[in-house]
Amino acid sequence: MGYSQFGAMIPELIILGIFLVVFVADVFSRDGSAKKFLTPMTTVLFGLGTIAIWLLPSCEVSVFGGMYVNDTASMAIKAILNIGVFIVLLQSAHWVESDEVAIRKGEFYELLLVTLFGMYLMISARHFLLFVIGLEAASLPLAALVAFNKKHYESNEAAIKYILTAVFSSAILLMGLSFVYAFSGSLYYSDIYANITSGKMSGLLIVAMAFMIAGIGFKLSLVPFHLWTADVYQGAPTAITSYLSVISKGATAFAFFIIFVQAFGQIYPDCWEWMLYAVIIATITVGNLFAIRQKNLKRFMAFSSISQAGYIMLGAMTSSTMGLGSMMYYIFVYIVSNLGAFAVITSIENKTGKVSMDDYDGLHKTNPWLSFAMTLAMFSLAGIPPFAGFFSKFLIFTSATSTGSMPLYILVLIALINTIISLYYYLLVVKAIWINPGEAKVEAFKSNAGERAALWICVAGIVLFGLVPYIYEYCYNAALIPGPGQ
Amino acid sequence: MFFGNILIWFVVVPILMLAGLALCGQNNMKAIRGVMVTCSTVLLGMSIWLVCDFLAQRAAGNQAEMLWMDSWMWYKPLNIHLAVGVDGISVLMLLLTSIIVFAGTFASWKINPLPKNFFLWYSLLSTGVYGFFISIDMFTMFMFYEVALIPMYLLIGVWGTGRKEYSAMKLTLMLMGGSAFLMLGLLGIYWHGTPEGMTHTWNILDISHYNNIDHGWQNLLFIFTFVGFGVLGAMFPFHTWSPDGHACAPTAVSMLHAGVLMKLGGYGCFRIAIFLLPHAANELAWIFIILTGISIVYGAFSACVQTDLKYINAYSSVSHCGMVLFALLMLNTTAMTGAILQMLSHGLMTALFFALIGMIYGRTHTRDIRQMGGLMKIMPYLGVCYMIAGFASLGLPGMSGFVAEMTIFFGSFEHADMFHRIFVIAATTSIVITAVYILRVVGKLILGPVQDEHHLSLTDATWWERLSTVTLIACLAGIGFFPNWLSETIQHSFKPIVDALAMAI
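Residue numbers (my numbering), protein chains in the order written: chain A, 3 to 488; chain B, 276 to 780.
Just so you know, these hints were derived from the structure itself, not from any lab.
In this text, all values refer to a predicted model and were calculated from it rather than measured experimentally.
Glycine included, every Cβ here is placed at the ideal spot set by N, Cα and C.
Don't take each hint at face value.
[As the list claims (entries may be wrong)] Examples of chain B residues lying across from chain A (beta carbon under 10 Å, computed):
(1) I355
(2) F414
(3) M444
(4) I498
(5) F499
(6) Q646
(7) G648
[To be verified] Straight line, CA to CA, 27 Å or less: simulated DSS-like cross-link-like pairs of lysine-lysine:
(8) B:K391 to A:K443
(9) A:K443 to A:K38
(10) B:K445 to A:K367
(11) B:K391 to A:K297
(12) A:K443 to A:K356
[Said to hold, decoys possible] Here are the in silico distance ranges between beta carbons for each label pair:
(13) A:L291 to B:T436: 55 to 65 Å
(14) B:K385 to A:P226: 49 to 59 Å
(15) B:Y485 to A:M408: 15 to 25 Å
(16) B:L731 to A:I416: 56 to 66 Å
(17) B:G437 to A:M408: 29 to 39 Å
(18) B:F694 to A:I419: 24 to 34 Å
(19) A:Y472 to B:E763: 38 to 48 Å
(20) A:W371 to B:E763: 25 to 35 Å
(21) A:Q7 to B:F277: 16 to 26 Å
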């Protein structure tokens with residue numbers, strides 16, 4: 003084994019490089035004014051890194067005996083997540099300068115970058131050991147981030163809930179993994195796949211797989227493993243909530259797809275698909291029904307994101323190229339739509355401290371642009387054309403029905419009926435902003451440059467990602483690579 | 276060439292209209308009206324030119340199924356195109372849309388508050404409607420369909436009257452619920468409509484030529500698509516959004532919605548449900564004949580007991596739109612021609628009704644017929660217009676309603692079996708019931724004694740209101756006196772559909 007193999011992990015190295023620069027800069031500027039440059043420096047560096055990852059030539063890399071694979075699909079999802087993180091950085095630029103957190107902003111960026119690094123490993127792992135390392139690297143720093151408002155009771159409570167569920171779900175996952183190891187004697191995805199296809203089967207494997215769905219389901223907040231979501235989303239600083247809701251969800255969904263296609267693809271045909279089938283129906287429905295009653299917008303977005311995770315997993319139902327492509331596209335669109343909504347929530351919260359839906363009554367009178375952006379984001383999340391959310395929903399439904407089997411049509415019908423329920427609660431926000439009578443409760447203000455930049459990127463994405471077909475084609479072409487067992 | 280095709284301009288001009296409005300100041304009424312009037316006039320001119328050129332091309336012997344066909348690749352992996360093309364029916368629907376957008380602009384001359392936002396959503400709605408009628412690709416058709424639905428929520432919620440929040444939410448959710456069923460139907464058609472080994476397509480004409488969907492799937496998909504579009508066509512029991520929605524909507528939105536948007540339902544029913552699934556149409560039409568038969572009679576009876584002018588008209592729309600779907604389900608050329616005539620006639624007539632109700636309401640501040648009377652003495656112009664609209668609605672010869680309903684009932688009676696005959700006879704009674712509720716309103720509202728002396732000081736129509744109503748009345752009478760060129764434009768367009776139906780028996 004040569005150390006040159008590390009050179010093949012270019013995206014990881016870029017993130018690691020940025021991390022080290024931020025770390026050193028943070029350490030050597032412990033006191034005084036030197037810290038001012040930390041936020042712009044990190045944002046610019048990360049922006050450059052994002053551009054670099056987008057521009058990297060897509061080539062198939064497989065190192066460490068196939069433990070780490072960087073194919074076009076992994077590259078694409080990393081690039082997509084990077085855009086999301088960049089938007090989160092812009093969004094939080096103002097918040098990290100506030101008195102309470104300014105002193106610790108170096109930590110904020112470092113922890114954020116480490117979680118991203120962990121997610122990269124999850125995405126590229128083709129061996130369960132590396133996957134678990136990535137998962138832990140992505141989960142544990144997040145707990146510290148959730149507790150970042152350390153003087154707030156809610157933030158601490160959220161962090162404890164998060165760390166407990168994260169550890170618990172990791173334990174379940176590892177339990178499942180040990181069964182898998184007992185069954186196949188190897189933790190390579192391809193070995194497990196080969197063992198299954200060669201006809202070696204045991205009940206142990208089914209149990210192992212159920213454990214793994216549970217373990218990963220916790221991270222994705224799939225129902226019935228979703229109970230931590232609302233409290234954590236509500237308690238965490240809004241920047242972290244938005245990060246949790248899109249980035250970690252997107253990365254885990256992708257890793258889920260890879261694991262279940264490349265490792266467990268042939269296990270009693272359709273076996274895992276039936277488990278997923280039930281979980282998706284429960285996730286979409288429960289998420290939607292609970293979202294209806296929420297008044298706190300962060301809780302509201304938590305339940306909305308639970309149901310959106312169900313839609314994302316629809317892409318995994320067919321385990322085809324189109325499924326993976328549509329899933330990646332859905333994640334991308336979901337990132338801009340959800341972060342668009344969070345950009346509005348963040349700027350209003352930073353300015354006035356208000357996060358309740360009732361406070362948005364008559365918002366259009368004082369803040370027409372924020373109202374406009376929030377409306378677009380809600381329409382996009384609900385799947386209304388001509389905004390991007392419509393296209394991503396349509397394409398993921400199309401891919402889910404591609405095999406033409408009746409149960410999948412029923413699944414899509416349930417999902418479609420659920421979009422109507424979701425439309426109801428998304429419209430409640432629109433209603434508060436535009437229709438509810440009374441004086442505006444949020445005074446007119448101008449949001450700061452970072453939040454505005456984030457909002458512009460999101461609005462541009464919401465409007466253009468659907469109408470311009472290249473984004474979907476990019477995802478679709480990138481998804482052409484990972485077939486089962488490779 | 277993308278912009279070389281005239282049909283594309285029916286979407287481009289409304290988008291320019293949106294862009295132009297976005298540049299206007301929020302309360303700069305002059306600029307906003309300028310943009311609206313210019314663009315809607317251009318659209319009207321384009322539609323008239325399109326009809327003339329269409330007739331000229333047909334006269335010159337161009338027998339193509341659709342004219343101005345063109346197609347541009349959009350989403351390559353799924354073979355989604357932006358495909359356009361029109362036949363006689365879509366040409367007339369485009370004309371209808373243009374007339375109503377034009378009249379609606381003048382009917383909302385003094386909209387308040389937020390005039391700019393109102394017209395922005397209004398333009399987005401019309402973009403959707405135009406896009407729907409020019410598309411022959413199911414994906415783009417569906418997309419434009421939904422584009423047309425969602426602005427209704429804000430248009431009713433912000434600028435409406437009465438229980439507007441409830442009505443707006445009800446209307447939006449019911450229509451979107453319909454489109455959820457519709458979407459599943461379209462997905463089924465997409466995955467099953469192409470023979471083995473060919474690239475799947477969303478193109479309506481290609482799918483109808485392949486005629487590949489097996490019968491079991493056809494039956495299932497027919498129900499999904501017909502119900503999906505039927506919700507928008509106010510089919511019983513999915514009609515309940517219509518009275519509430521129309522009653523609470525502002526004038527121009529009621530006009531556009533009852534006048535054009537409900538026609539999207541009827542149009543979609545035959546363009547997708549009946550055309551692409553002909554076997555199922557033959558087999559399952561009876562279910563929907565029963566439902567639409569109920570719509571016709573039930574809508575008319577409900578209108579008889581309402582006291583709110585808008586509710587009367589909304590229930591009358593349920594009845595008349597039920598007749599459109601009813602006629603389409605008769606599956607023969609005559610009745611279907613009647614259905615299209617009824618769409619045009621009802622579109623114009625109901626738009627005129629809603630415009631007049633809006634004008635009357637703007638003066639008297641009530642829509643309750645018990646509190647008004649003798650408007651003929653106070654505002655003779657509006658009174659006369661209302662009577663004209665009423666007569667068109669009850670099918671007086673010389674007006675469009677007569678032509679449409681006669682054609683429908685003649686066509687429907689061609690079916691010799693008992694089931695069809697009974698339902699046709701039942702539906703015919705609606706003519707009498709319509710006369711009852713129209714004459715009741717005319718007698719009380721227009722002719723009776725003045726109920727409220729405050730009304731005596733009210734003024735008659737202004738110039739923009741006159742322009743709006745005269746346009747609509749001229750078109751109504753135009754159809755009534757010269758129906759021949761219309762039915763010729765329409766009739767050829769039904770040939771492929773009727774052929775497909777005959778083949779599938």
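Okay, the hints, checked on the actual structure:
no. : hint                         : result
1   : I355                         : holds (8 Å)
2   : F414                         : holds (7 Å)
3   : M444                         : holds (7 Å)
4   : I498                         : violated (12 Å)
5   : F499                         : holds (9 Å)
6   : Q646                         : violated (26 Å)
7   : G648                         : violated (33 Å)
8   : B:K391 to A:K443             : holds (23 Å)
9   : A:K443 to A:K38              : violated (33 Å)
10  : B:K445 to A:K367             : holds (25 Å)
11  : B:K391 to A:K297             : violated (30 Å)
12  : A:K443 to A:K356             : holds (9 Å)
13  : A:L291 to B:T436: 55 to 65 Å : violated (32 Å)
14  : B:K385 to A:P226: 49 to 59 Å : holds (56 Å)
15  : B:Y485 to A:M408: 15 to 25 Å : holds (22 Å)
16  : B:L731 to A:I416: 56 to 66 Å : holds (60 Å)
17  : B:G437 to A:M408: 29 to 39 Å : violated (44 Å)
18  : B:F694 to A:I419: 24 to 34 Å : holds (33 Å)
19  : A:Y472 to B:E763: 38 to 48 Å : holds (45 Å)
20  : A:W371 to B:E763: 25 to 35 Å : violated (52 Å)
21  : A:Q7 to B:F277: 16 to 26 Å   : violated (50 Å)
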